[in-house]
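Enquirer: Chains as they are written, first to last, in this note's numbering: chain A, 1 to 112; chain B, 1 to 518.
Derived by calculation from the structure, the hints in this document are not laboratory data.
Any given hint could be a false lead.
[Stated by the list, open to error] Simulated pairs of lysine to any residue, SDA-like, Cα-Cα distance not exceeding 20 Å:
id, chain 1, residue 1, chain 2, residue 2
1, B, 347, A, 10
2, A, 52, B, 518
3, A, 49, B, 160
4, A, 49, B, 155
5, A, 52, B, 346
6, B, 347, A, 46
7, B, 347, A, 44
8, B, 347, A, 42
9, B, 397, A, 42
10, A, 52, B, 506
If you're wondering where the values come from, they're calculated on a predicted model, not measured in any experiment.
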Amino acid sequence: MKKIEAIIRPTKLDAVRRALEEAGCPGITITEVEGHGKQKGMVQQWRGKEYKVALLSKVKVEVVLKDGDVKRIVNAITDAAKTGDIGDGKIFISPVEDAVRIRTAEQGDIAI
Amino acid sequence: MRRILIISALALFAGAILLPSALLEASPLAPDPNGCNTGTIQDVQAAIPGKPTIEELGAVVGHNKISINIVWALVAGFLVMFMQPGFAMVETGLTRAKNAAHTMAMNFLVYPLGMLSFYVCGFALMFGGLGAISTMGGYAGLNHEFTINLFGKPFGLFGTKGFFLSGSSYDVAVFALFLFQMVFMDTTATIPTGALAERWKFLAFCIYACFVGTIIYPIFGNWVWGGGWLAMLGQNFHLGHGHADFAGSSVVHMCGGVIALVGAWIIGPRLGKFNKDGSANAIPGHNIPMAVIGTFILAFGWFGFNAGSTLAGTDLRIAVVAVNTMLASAAGAVAATIWMWIVRTKKPDPSMMCNGMLAGLVAITAPCAFVNSISACVIGLIAGILVVESVYFIEGKLKLDDPVGAISVHGVNGAWGCLALGIFADGSYGDGWNGVAGTVKGLLYGDPSQFAAQCIGITANFIYVGLISLIVFKLIDVVIGHRPDPMAEIEGLDIPEMGVVGYSGIKMDKHSETPISI
């Protein structure tokens, strides 16, 4: 069982959500987050003066999957969220110990 | 039961429609749907109805003329009053969300505080020596000017009639004049609140507002509009028609701009505005849509401001005044936009567009009645570029923090407007202005002395308004202080100063933060 955390552009959320639906992803959780990568934010203007916005708005998409689905889903997210420009985001994959469905107390892959 | 109710209701409704028309048809006065027959000789008050004498006719014509003038001045004054929300929205939109209630409240309270101050003594100091109010029936109850003699000539300094609008001021023309001039004064008073926004103790602001309405504005106003020494430069020293300012580029706007300049200097920049090396940080405002709507409201009110300044609806020069006003505003907006887009940041900055339109309006305010339409466009065009460069200069060179550009819009362009009158006045209007025979002509039309009078006017404005506001701001500084606690300023003044937040239940975004000075 694996967790995929994808930090994406807010404007790409809808595309990513659809792609995950089509790929048969069981469920998603999203969070509005702020952060920066290597570029450390971006420069904007106010009345002719430039200023740096250090933390940019991003969306974090979290999905938990069976080990065999990971590659397919990661590809789906990458295809949907990619623009080719700086700031497309990152995907992190980590192992998950277990999952429990609250309604039935089922555990393991079946609970995802 | 229900059907009976509906039928009786319908019957009542039909009756209500049919009954009056039946009555009217029976009466001798037929309805007049196109209006051609409403108002006849029967409406002229005469001893013999329908047969007025020439004197009776003349009395009605005269009364009507003055009525048109007074109604025009009042309606124009109502429009100018509506500039207050315009200022409130521009200033609040261009500042941060965490200070919205505080900035709005300053713009709100300046109206009643300024008005009462002007009522108590400001109006009397400004117009107490005006003499006959010629377009409003010629009543001359405001007839005492305190005057000193210099160089063998009288120098009117302030008026002394009309305190509390009582006694001989209890007159319709004086009241109409009061309303129109009060809203002008409040325009001056609300200009500095933008330059001093986001860092001003509310109590300090309140005391300032009273000083503007009682002394700062009325004294200079008297010199130009109340028959004081600047207006008399023409009669006394043959300098054109004296310092001419049709609707207040210097009296209203430059005055507000100079107060803003001194104020911004005395109270200092917002926390985080400047770094230790003197470079400035951007502090973005929170609501561009609000600033844009506010600008439109101001442009709308400005028709009252400029065209109303004839104080006469029967002076049809108002058409020229109104068109010049809108042309200059358009030229100012377009010039500022293009200047930012091509020369400065490569983006057509919306806040500078707004400043550009307002700069065009400020600059055309003095010359609007005296120039032709091409000059109006040129004046606006220059104003639009001037305002952008001035914003850069004031922040970059003078190191003053003016969040909304008030000093550049009103101060710099107020001065430019006065000079523009002295350059572009084309001699088609203003016969007898300030008691000098002949029309008003500028430098390009053969009267350099008018330009000289304009220069003296703006110099006097800068010196007098600069000094008196320096004294007032220093006085307030010593007695109660201008700046709130630094923590209050960082958190936003809404709760510490006003006790309420401007936007409840809304998470402030990172733009509301105070930059760190490095």
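Enquirer: Hint by hint, say whether it matches the structure.
Expert: For each hint, the structure was consulted:
Proximity of residue 347 (chain B) to residue 10 (chain A) is assessed by CA-CA distance (about 24 Å); at most 20 Å being required, the pair is judged violated. For a cut-off of 20 Å, the pair hint linking residue 52 (chain A) to residue 518 (chain B) stands: about 14 Å separates their Cα positions. Pair hint residue 49 (chain A) plus residue 160 (chain B) does not hold up; C-alpha atoms about 49 Å apart against a cutoff of 20 Å. With a CA separation close to 47 Å, the supplied pair residue 49 (chain A) and residue 155 (chain B) exceeds the 20 Å bound.
Proximity of residue 52 (chain A) to residue 346 (chain B) is assessed by CA-CA distance (about 18 Å); at most 20 Å being required, the pair is judged to hold. Our distance criterion of 20 Å between C-alpha atoms is met by residue 347 (chain B) and residue 46 (chain A), whose separation comes to about 10 Å. Proposed proximity of residue 347 (chain B) and residue 44 (chain A) is supported: the alpha carbons are some 11 Å apart, at most 20 Å. Note on residue 347 (chain B) and residue 42 (chain A): the hinted pairing holds, with a Cα-Cα distance of about 17 Å set against a maximum of 20 Å.
Note on residue 397 (chain B) and residue 42 (chain A): the hinted pairing is violated, with a Cα-Cα distance of about 27 Å set against a maximum of 20 Å. Between residue 52 (chain A) and residue 506 (chain B), the direct Cα distance comes to roughly 23 Å. Violation of the 20 Å bound is thereby established for this hinted pair.
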